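Chain A is fixed; fit chain Z onto it per the hints.
Residue-level listing of the chains:
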Amino acid sequence: MTARAARLFLALSAARLFVEPAAAGEVPLSERRSGYEFMSRETRAMQDDDTGNPGTLWVLDGEALWKRKAGASDRACSDCHGDARESMKAVAARYPAFDPALRRPVNLEQRINACRVGRQKAPALAYESRDLLALTAYVTRQSRGLPINITIDARTRPFLEAGREAFFRRQGQLNLACAQCHDDHWSGKLAGSPITQAHPTGYPLYRLEWQGLGSLERRLRGCLTGLRAESYPYGAPELVDLELYLMWRANGMRMETPAVRP
Amino acid sequence: MNWREACAIAFSILVGNAFAGDSIPASLTGAKGDPARGRAIVANRQVGLCLLCHSGPFPEERFQGGLAPDLRSAARLSEGQIRQRIVDSTKLNPQSIMPAYYRSEGLERVAPAYRGKTILSAEQIEDVVAYLTTLK
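These protein sequence lines map, in sequence, to chains A and Z.
Take the first sequence: its position 119, counting from 1, is numbered 119 in our numbering, and each next residue is one higher.
Take the second sequence: its position 108, counting from 1, is numbered 370 in our numbering, and each next residue is one higher.
One or more of the hints may lead you astray.
[Unchecked claim] Derived CB-CB ranges, DEER-like:
1) A:S40 to Z:E370: 31 to 39 Å
2) Z:P331 to A:E165: 24 to 32 Å
3) A:G82 to Z:E323: 51 to 59 Å
4) Z:S358 to A:L208: 48 to 56 Å
5) A:P233 to Z:S383: 27 to 35 Å
6) Z:Q308 to A:D79: 46 to 54 Å
[Stated by the list, open to error] Among chain Z residues calculated to face chain A with C-beta under 8 Å, some are:
7) R307
8) E322
9) F325
10) V372
11) Y376
[Claimed, not checked] Taking lysine-lysine pairs in the BS3-like style, the calculated list, with each CA pair at most 30 Å apart, reads:
12) A:K189 to Z:K294
13) A:K189 to Z:K353
14) A:K69 to A:K89
15) Z:K379 to Z:K353
16) A:K189 to A:K121
17) Z:K353 to Z:K294
18) Z:K379 to Z:K294
19) A:K189 to Z:K398
20) A:K121 to A:K67
The set of hints was computed from the structure by calculation and includes no laboratory data.
For clarity, every value in this text was computed on a predicted model and none was experimentally measured.
For glycine and all other residues, C-beta sits at the position ideal for the given N, C-alpha and C.
If we strip away everything but chain A, and leave its shape as in the complex, we get:
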């Protein structure tokens, strides 16, 4: 190749780089949609009617647990926090939240367990156990209809950035990043099912596929398995960082817990 040809070649290669589509971006505010909007009329109706919404059973269980004494302290949640309908209003909408003791964000399940172990002197509840899901659903239910409200400050920013980085990182044998589906192809269908925008407005939620209530972490682990990527254990910092990022990008959207999803 002559020097002139080589220069032309390089210039054209560089030009092509600039005309490549821009890197994946987040969903613009005006286009943000809850998974609810992608559902069939029947599934929406199931969510909307408390008597038909299976998640209500967990919420009711959670209400009973809230008032039940537990642990060596022989205290119930309600002994300190009173009526959850007042004290827990809008609380779940700002989780994951910074825990000064751990110096990192914790999700609501972790916050509940910290209270159980630290205050009630009771053993921690297992992730995805009926009781932990029930308490989490009951507390989160007190934010239903209220906007997600994650505030980021100097303490939480590094964790938000770690979560964002994970969202845009290709991983697994299928070599896909969350963003490639949920930002770039959210209006498409994967095997006939809407992909949606990954706004976690309704967790813990009742998933028809699960035939039960499950947490956002359960959903994230399912997605990672689908990518044939290494999963993380429940409560892993990497999962909580991702939860923080997902809740933050849904800021302002209304909470739906207990939501129903296909």
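Coordinates of chain Z only, in the frame set by chain A:
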């Protein structure tokens, strides 16, 4: 490389058809694949995974994907171009969401069960290539 070749390459880059990486003319196994086995691989959602994103002539398969072109559009491609797109489509388009089916290196956080393994074997890829070339 002479002037003419350089211009041809530059042109092909500009219009989006990369010169190298667009086609793998030779069979990965040295043999022809079996189209019937290829069809079964394409239709299997745990093996080929194709119908998660693509649709195709599979009247018996419900819930096909809508993220990628219908597989019948492979008719416009040569056998070598089809092979390249299965082996590693990111060679053609770095932003592609199509997994590289014959690549096990340079991947992050692969689950232990799949580590060091390709999505399909060379034989399976040749079967799929053989099947897709029948879609005209």
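Taking the hints in turn, this is what the structure says about them:
Taken as a hint, the range 31 to 39 Å holds for the pair A:S40 and Z:E370, whose Cβ atoms sit roughly 36 Å apart. For Z:P331 and A:E165, the hinted distance range of 24 to 32 Å is satisfied, since their beta carbons lie about 31 Å from each other. Checked against the given bound of 51 to 59 Å, the beta carbons of A:G82 and Z:E323, roughly 55 Å apart, stay inside it. Z:S358 and A:L208 have their C-beta atoms about 32 Å apart, which leaves the hinted 48 to 56 Å range violated.
Between A:P233 and Z:S383 the C-beta distance comes to about 32 Å, which sits within the given range of 27 to 35 Å. One distance hint, 46 to 54 Å for the beta-carbon pair Z:Q308 and A:D79, holds here, with the actual separation near 51 Å. Using the Cβ-Cβ criterion of 8 Å, the hint placing Z:R307 at the interface with chain A is satisfied: the shortest such distance is roughly 7 Å. Proximity of Z:E322 to chain A is violated relative to the hint, the smallest CB-CB distance being about 14 Å (cut-off 8 Å).
Hint on Z:F325 holds. Least Cβ distance to chain A is approximately 3 Å, under the 8 Å limit. Here the hint on Z:V372 is kept, as its CB sits about 5 Å from the closest CB of chain A, short of 8 Å. With a cut of 8 Å, the hint placing Z:Y376 at the interface with chain A holds, because the nearest CB-to-CB distance is about 4 Å. In summary, the hint linking A:K189 to Z:K294 is not supported, as the alpha carbons are separated by about 33 Å, beyond the 30 Å threshold.
As the CA atoms of A:K189 and Z:K353 are separated by approximately 25 Å, the hinted pair is consistent with the 30 Å bound. Distance restraint check for A:K69 and A:K89: the Cα-Cα separation of roughly 22 Å lies within the 30 Å cut-off, and the hinted pair is therefore satisfied. For a cut-off of 30 Å, the pair hint linking Z:K379 to Z:K353 stands: about 19 Å separates their Cα positions. With a C-alpha separation of about 47 Å, the suggested pair A:K189 and A:K121 falls outside the 30 Å cut-off, and the hint is violated.
With a CA separation close to 24 Å, the supplied pair Z:K353 and Z:K294 stays within the 30 Å bound. For the hint linking Z:K379 to Z:K294, the alpha-carbon distance of about 22 Å falls within 30 Å, and the restraint holds. With a C-alpha separation of about 25 Å, the suggested pair A:K189 and Z:K398 falls inside the 30 Å cut-off, and the hint holds. Taking the CA atoms of A:K121 and A:K67, the gap is near 16 Å; set against the 30 Å cutoff, the hint holds.
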